[in-house]
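K.L.:
Those protein sequences? They're chains A and B, same order as listed.
The first sequence lines up with residues 1 to 291 when you count with the numbering used here.
The second sequence lines up with residues 1 to 366 when you count with the numbering used here.
Just so you know, the hints here were simulated from the structure itself, not pulled from any lab data.
For each residue, glycine too, the CB sits at the ideal point set by N, CA and C.
20 Å max Cα-Cα, derived DMTMM-like pairs, lysine to aspartate or glutamate:
#  : chain 1 : residue 1 : chain 2 : residue 2
1  : A       : Lys183    : B       : Glu170
2  : A       : Lys194    : B       : Glu80
3  : B       : Lys61     : A       : Glu179
4  : A       : Lys186    : B       : Glu60
5  : B       : Lys258    : B       : Asp271
6  : A       : Lys186    : B       : Glu114
7  : A       : Lys183    : B       : Glu101
8  : B       : Lys61     : A       : Asp192
9  : A       : Lys186    : B       : Glu170
10 : B       : Lys243    : B       : Asp355
Quick partial rundown of chain A residues pointing at chain B, CB under 7 Å, derived from the structure:
#  : residue
11 : Ala184
12 : Lys186
13 : Val199
14 : Ile203
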Amino acid sequence: MSNQNDYDRIERNAKRRKLIKNTVIYIFLAIWGLMVLFPFYWMILSSIKSYSAYSSEYIPKFFTLSPTLQNYSEAFTAVPLGKYFLNTLIFTLCTTVLMMVVIILAAFAFARLEFRGKNIVFALFLSLMMIPNELVIITNFVTITDLGLRNTFAGLILPSVTSVFYIYLLKENFEAIPEELYKAAKVDGTSDFKYLVRVMLPISQPTIVTIIILKVIECWNSYVWPRLITDNSNYFLVSNGIQEIRENGFGRENIPAMMAAVVVISVPLIVLFLIFRKKIMAGVSRGGTKG
Amino acid sequence: MKVVLDHLTKKFPNRNKKVGGFVVAVNDFTFEIPDGKLIGLLGPSGCGKSTTLNLICGLEKPTEGRILFGDDDVTGLPPEVRGVGLVFQNYALYPHLTVEENIMFPLGNLRGEEKLTKQQMKDKALEAAKLVQIDSLMERKPNELSGGQQQRVAIARALVKMPKVLLLDEPLSNLDARLRLQTREELRRIQNETGITTVFVTHDQEEAMSISDMIVVMKDGVLQQIGIPQEVYDEPVNLFVAKFLGTPAINVFEGRVKGGSLYIGEDSVLDVKGVDDRDVYVAIRPEGFIVDDSGRMKCTLLRREVMGRDSSVVAKNDAFIGETIRAIISSETKVDTSKPDIRFSLKPAKTYLFDRSTEERIRFSV
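Generate the whole structure from the sequences, applying the supplied hints.
P.N.:
Printed below as a string of structure tokens:
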């Protein structure tokens, strides 16, 4: 009988310990979640406070009792945010598509083709990675200005249609694909290009999706280069637009309207990430070869 | 489709650039593969078997020589237009495609009047899949298949466009022993059913002997001997071929011929007519020994190993090159293991003489 009680006691203890452990873990996770989500909350909160309410708060409040959507309409009316949005979309799509074409072909050449000076060229490419972006931005500016491409989409897009880092990343990925697949595809009657499109790209899909997402985010958030190369508001991107809205207040920065614009701009990126997150996680299972 | 290799040579630039020069992977290779036969290309690792296969399918260009399919010279053609099927040692299936898509892959690349509709492609893929008995697995991805199943998919993919020549590069090496036996019979059956000229590369002599119509033995890029398996086994042209074929391996002794008699050590073991006095290598197949108390060859008996159907006698002899002599005898044969020595008489047909320097066969009559 006492035996039975012992077991009951052990079981109860184990349950209690597990409960405590879980509680602690969840408390920590909750704190962590709050820390991560707070900036988003602050952004949305600020965007629905009215300009006057926001300005009158000496110490910003953590909530608002009179939410308003007025900032959103102001963000779109004070500056042509719709137009900037479209510009950013064009810029992002063109840059990403062009860059993908460039880096896929370059990575294929480095990974699969044999040509004279391949290693030297690749070493030169890699050495480019060690030069910080800020260092080349002036020379890029001079080059683009000399080409007469200021205030054009071409001028915006051109400097970022290649990326040594992504070429390197993709080349490593391509090289991990067994040589036999190339031979098999050759015997099966494919050209090099078809092999790239039908075999290499699908197999490297996780890496490619990752690169696309990173590049889209990079384009969407780019600020320095667009700011530098455009002074005509027809070619402004959203990042410039945000600055414009901020400077638009009555003697004081119009933070609520700016936050409203930020919310609008972040939504597409968040949606994009949520869609592709599973794609990245799922990956393409590796298999089909042995040995 | 008959395949002719005409003075085929392939040289690779030496990897070590300081040494320079070339590595000859295939050296002046000439032979003809008759239509509809299964040829086993056999040799130790690095002897140029795979290079030969790559030359036939066009993945490598020969340095010299020609390759003919039937009467057509295909030497300069790229692999995609040669009409060959190739099965790799590691299968090389496309991991992102299902079994059916894998098999259909070569068909999707056909152009012009050969172009097939989706339905035709599906039918052909199913036909090929039935041939290798994987038609129930069409929707799976390669990583959901066992090794043997993956190998079948690879074979189906190679067969689906009815190639003129089917090339198999060590197709069984990655399978376990039982599956290897089964797949090799399967290969033989498929080859019989389709009648496609097939070249089969392997380093496993037993595998080659058991399924090939003809075997080709290679060493260091040089063709050693061609023939039907039994013939090559019974009549090796040189010491290398003799040593390469047969398990357990052939027993090689240092010997000499004096006055029409073959000596191993101090024993005159066999009468050999028509051979001048000289030093030779004597190679004796394990089944070439007869336990015989009045036999002319004396060895130190080590032990007897029983293997069921037959048993082997392990012995020693000072003239032997290697560790221990292995003789295969039937299980009924009595061996007196209490004595330190054992005597054999030799079967002349299982005893071969080779020149000491050239290692070429020296023929003799009994």
